Amino acid sequence: MPATAYERVVYKSPSEYHYMKVCLEFQEHGVGLNVAQFKQLLVSALRDLFGEVGAALPVDVLTYDEKTLSAILRICSSGLVKLWSSLTLFGAYKSKKCAFRVIQVSPFLLALSGNSREQVLD
Amino acid sequence: MATLRRLQEAPRHLLVCEKSNFGHDKSRHKHLVETHYHNYRVSFLIPECGLLSKELKSLVMDIGPYYSVKNLPLHELITHEFINTFVKKGKLILSLDKDTYEETGLQGRPSRYSGRKSMKFVISIDLMDLSLNLDSKKYRRISWSFKEKKPLKFDFLLAWHHTGTEESTMMSYFSKYQIQEHQPKVALSTVRELQCPVLRSSGLAGEPEEACSALEFFDWLGAVFCSADLNNEPYNFISTYCCPQPSAMVAQAFLCTITGFILPEKIHVLLEQLCHYFDEPKLAPWVTLTVQGFADSPVAWREKEHGFHKGGEHLYNFVVFNNQDYWLQMAVGANDDCPP
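Chains A and B supply the protein sequences, listed in that same order.
Position 53 of the first sequence, counted from 1, bears residue number 53 in this note's numbering, the numbering being contiguous throughout.
Position 84 of the second sequence, counted from 1, bears residue number 84 in this note's numbering, the numbering being contiguous throughout.
The shape of chain A in the complex, shown without the other chains (with noise of 0.2 Å):
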């Protein structure tokens, strides 16, 4: 087959999801969630500050370790701040207090493969 012809093509934000690394975690140790358990928590989440029309946001958990409670999220790029503001505000599980970390962000899910700032030197 030929080789084929240069071409360059520049495309301004074209992801339209956008992908977080999230981690939960509990004041008190020894709480589990399974990742069934962890999505209605997103939703729950999403309903306390935007209502019925943020809990239908949709929200791919991508990834999900129930040891660590850490999970990879996928969120359209418009639910992006909703998504984001929801997190950051939910305190409480079932009466557990509890806080998101928000570890990576990024249009990018091969971004979110690595993390330079985790980097451990020996």
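Among the clues, some could well be false.
Once the Cα atoms are required to be at most 25 Å apart in a straight line, the calculated DSS-like pairs of lysine-lysine come out as [what the hints assert, rightly or not]: (1) B:70 <-> B:176; (2) B:310 <-> A:39; (3) B:304 <-> A:12; (4) B:185 <-> A:67.
FRET-style restraints, in silico, Cβ to Cβ [claimed, not checked]: (5) B:6 <-> A:8: 31 to 37 Å; (6) B:6 <-> A:122: 41 to 47 Å; (7) A:102 <-> B:97: 20 to 26 Å; (8) A:8 <-> B:148: 47 to 53 Å.
These are computed hints drawn from the structure, not numbers from a lab.
Quick caveat: nothing in here was measured; it's all calculated off a predicted structure.
No residue lacks a Cβ here, since even glycine has one placed at the ideal position from N, Cα and C.
Got chain A; can you put chain B on it based on the hints?
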């Protein structure tokens, strides 16, 4: 209304997609790899591969050490000896907050991305120019600033591309500053039954039902390296993400990730070796090489300013096709110039 509109805004980002062939005289692949200096993570994916070849394995294991130095005073980087030993030509670029910048007493310029009230400033010092004129007013001022006016000290990560045989020069040069050598971390894995998008090297935009676009492929690659599930139903409560179509199932794929402080020269050698992967006929239609920069690096490519904003991403990805065509995707966030 303005508040509602702002609720739906996300920071701007840029994705540059190029296609070319490694055989083209004007192909810029070498230049773009070698001018992206601060690389934290390099990974590659080879479909239909269970074991790494001897050449690739030795390249990966031998990618070279990097060094950490604690509390190194900045004035050590402008000495004649340092510049002559380690720096062929280069610039010292400082990205400082307003107070620190004013305290240094040096001339710089406001950051392009600090808004109306400049809170961040960039100072750029040409080291070769400096070392050729050690008696100049400029050198005396910079030296005075770093030694007396505002003696700045930082923890540094250093990587040195040297063509000679003096392996331990860096260790001995900085021996009074607790220098430590580190080896990059290497993670190898094989993924079974991976759904891969079908691509056509001549079409960046893809074609419905024939081939996926460069944008879809870039997202998919992220899902693979984040170990996301690629096979969800559209009604799934947890996640609806799925591999872009058309796709093909491959029995296995080899993933390799190297993290540390990786030199662009080494990345170029790795890219060349991946091109040679197709010297013999292979089942794989393409392989990928992804490079991610340090989120807090002051520059992305060459001297193009890089800012963290909310993500700090600056990364690029090669898709090397079996006919030596390639795609190059370069992605940056809000506080970045357009990639070259």
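Evaluation of the provided hints:
{"no.": "1", "hint": "B:70 <-> B:176", "result": "10 Å, holds"}
{"no.": "2", "hint": "B:310 <-> A:39", "result": "24 Å, holds"}
{"no.": "3", "hint": "B:304 <-> A:12", "result": "18 Å, holds"}
{"no.": "4", "hint": "B:185 <-> A:67", "result": "24 Å, holds"}
{"no.": "5", "hint": "B:6 <-> A:8: 31 to 37 Å", "result": "32 Å, holds"}
{"no.": "6", "hint": "B:6 <-> A:122: 41 to 47 Å", "result": "44 Å, holds"}
{"no.": "7", "hint": "A:102 <-> B:97: 20 to 26 Å", "result": "23 Å, holds"}
{"no.": "8", "hint": "A:8 <-> B:148: 47 to 53 Å", "result": "49 Å, holds"}
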